[in-house]
Amino acid sequence: MPPLTEDFESYVLELTKRNRRLLVMLMATTAAAAVALLIFLLAQLNVDMPYFIDVALRGDSYHALNAANLAVNVAVGIAMRVWYLREDKMTTLLTHAMVLDNEKEAAIRVLLSKKINK
Amino acid sequence: MSDQVDTPQTRQKTVNDIWLEVQREQTAFNRIIRWLVGLLIIAALIAAAAAAVSYFEFRGMQDAHQKSIQDARVLAKLDSGEAARERQNMTLELIEIREASVAARENAQLVRSVDRAAADGDAQALAQLAIAAAKDHAAGIRLNTATAHLVATIIDEADTGALELEGDGLSFLKAIEMDWTSPTGEAADPLRAIADGDDMDLKPYAHSALARLYYTNANNNNLQGDSKCDQSISHGDTAVALGIDAIGPSLWKGECLRKQGRTQEAYRAFARAHDWYENNRTYADETLPMDHIRRVHHGVGTTLIALAARDEAQTVDSALDTVTALDLAEQHLRIASDMRVQRGEGRLGEVYTAENLGFVAVKREDWPVALDHTSYVDSIVPLAWNLTVRYIAAAEIYQSLADGGEAPSAGLNRTTARRIACDTERTLAAMRYEYFDEDELRRLLPAKYAETIDTLIAKPKAAFDARQLELEGRAMHADSALPTVLDESFMSELCRS
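Those sequence lines, one after another, are chains A and B. In this note's numbering, each number is its position in the first sequence, counted from 1, plus 27. In this note's numbering, each number is its position in the second sequence, counted from 1, plus 482.
Hints are computed from structural coordinates only; laboratory data are not their basis. Hints may contain errors.
[Unchecked claim] Heads up, simulated BS3-like pairs for lysine-lysine below, C-alpha to C-alpha not over 30 Å straight-line:
hint	chain 1	residue 1	chain 2	residue 2
1	B	495	B	549
2	A	142	B	495
3	A	141	B	495
4	A	131	B	495
[As the list claims (entries may be wrong)] Non-contacting residues of chain B with respect to chain A, defined by C-beta distances greater than 10 Å in every case (computed):
hint	residue
5	510
6	527
7	610
8	647
9	810
10	848
11	901
12	943
[Claimed, not checked] Simulated restraints, written as ranges between beta carbons of each label pair:
hint	chain 1	residue 1	chain 2	residue 2	range
13	A	85	B	520	24 to 32 Å
14	B	520	A	74	23 to 31 Å
15	A	77	B	951	37 to 45 Å
16	A	143	B	530	33 to 41 Å
17	B	541	A	41	19 to 27 Å
Just so it is clear, CB atoms sit at the ideal spot from N, CA and C, and this is done for glycine as well.
Okay, chain A solo, but in the shape it has when bound (with noise of 0.2 Å):
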């Protein structure tokens, strides 16, 4: 990522990508966690499962269990992750309306405040 210059709109940019990129990554690892846990609750309940969901499992329903949970913690680390970046472009982007408003010293108060909670 480009460091932060007073080129505040494409700095947004690549945050907005990243975040994008994230995003998806979130919602295939939280559907990746689902489906795990709906294995392991079907496993639970005794309902035959597809050829290659036997072999995965290995004959321990168990591992369907570790595999959600796996997923979920990837999926709360990706999510936390985002709400740093959206903060960060919130930050951002109020930095730029001061600069565009002349309020310099306010922006430079903002971003040291935010280097500073960093």
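Mind docking chain B on chain A? Use the hints.
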């Protein structure tokens, strides 16, 4: 104002644009927070499911561990029981050797007299003594080294023509000597010849000897299907009809009939043997092996229990109601078990007979006594009949407490009664089917326990059948197909978890 046309790409952002974008971003931010919360809830659910799965997994492992420990305890107990049985068999053999040695010592003088008489050419005087010893052998008092020496000397003298024996005397002595030296049945033909002959003095003893021979060679584990037992009964009856004055024929007949399930006739035979013993007590106590008298008491007691179990005691003696029959049975069994102790069979010998007292308690429905008695017997050796009685007593107490009855003794509650019943059932499940003697067990218990017996012997019977198939070559590795000791499909309803 710029001349440039404002397009989305070229137009400079205004504060207003940024403000709108911040608002959109705030909305998206809220959405991601909600998503995050949702993910955290799912994570919590997964953690809870993992905890539950682990809990059940560990509980299953703990149960399996407990069951393995119980399995090991049961098997160790049965192994020690097997070892005790082996020791007891050895003890019994030693007792028999000791009894034969005592009898030979008591007759030591006889050996010297025989040798002196043979040297003096005066064996005729001892011929009647030899015939008497041979008759005793035929009636159940086996020859010992001294009396066998006497018989052998008389046979030698008769063979050389130094003395003459009346009637079938010589054949009788030879047959009896053969029976003593090789008791597996070679003497049957010469004895049968005497039994079919005309010597009315020896004829009943030949029948008696045949009765003993067939009884000894009958398959003790399957007397019902064994014609030898029928032949023993037939020869014994003939001996009695010909006027033999001895306990043996009635005793063997009683034993055979008891195993064949002809309880009333068995009781009559044992009672006749007991009457003979009472009428000839002095002679019997001096000459009869203690084991004979013990078996008579054991036989009377056990057949009385079987009769009382079906409330049929009055069919053999109108003075015998069920209560009296049980009292009498208890007396006989206590005498028999005391005799085993006196004979040197120890506590194990004692409980081999005393275990039958449990059936008396069952018929009396005296469950605390049944439980105490079976506990005593079980502390010495695990026996199938005793454990069956123990299971029934514990199950009855459990049922009575479940129906709101009072605890028969302090510390005995439903949990304890159930634990006793199920531990007992587990031990029984690991026992060999042959130890149950199913037919006689069914006779000794009231008919209402037939289903209980079915349940208790299901697993040993399945194992027995599998072994039989394996022996017949119709199944390989039958043991691997067998259920484990604790297989619940074989457990009673009470003990299924």
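Quick rundown of the hints versus the structure:
1. B:495 <-> B:549: It is violated: about 77 Å lies between the C-alpha atoms, which goes past 30 Å.
2. A:142 <-> B:495: Cα-Cα ~25 Å, so holds.
3. A:141 <-> B:495: holds, 23 Å
4. A:131 <-> B:495: holds, 17 Å
5. 510: violated, 6 Å
6. 527: violated, 8 Å
7. 610: holds, 86 Å
8. 647: holds, 85 Å
9. 810: Label holds. Min Cβ-Cβ 61 Å, cutoff 10 Å.
10. 848: holds, 49 Å
11. 901: holds, 32 Å
12. 943: Since the minimum Cβ distance to chain A is about 33 Å, residue 943 (chain B) lies beyond 10 Å and the statement holds.
13. A:85 <-> B:520: 24 to 32 Å: At roughly 30 Å between Cβ atoms, residue 520 (chain B) and residue 85 (chain A) fall inside 24 to 32 Å, so the hint holds.
14. B:520 <-> A:74: 23 to 31 Å: holds, 25 Å
15. A:77 <-> B:951: 37 to 45 Å: holds, 40 Å
16. A:143 <-> B:530: 33 to 41 Å: Holds - the Cβ-Cβ distance for residue 143 (chain A) and residue 530 (chain B), about 39 Å, lies within 33 to 41 Å.
17. B:541 <-> A:41: 19 to 27 Å: Cβ of residue 541 (chain B) to Cβ of residue 41 (chain A): about 54 Å, so the range 19 to 27 Å is violated.
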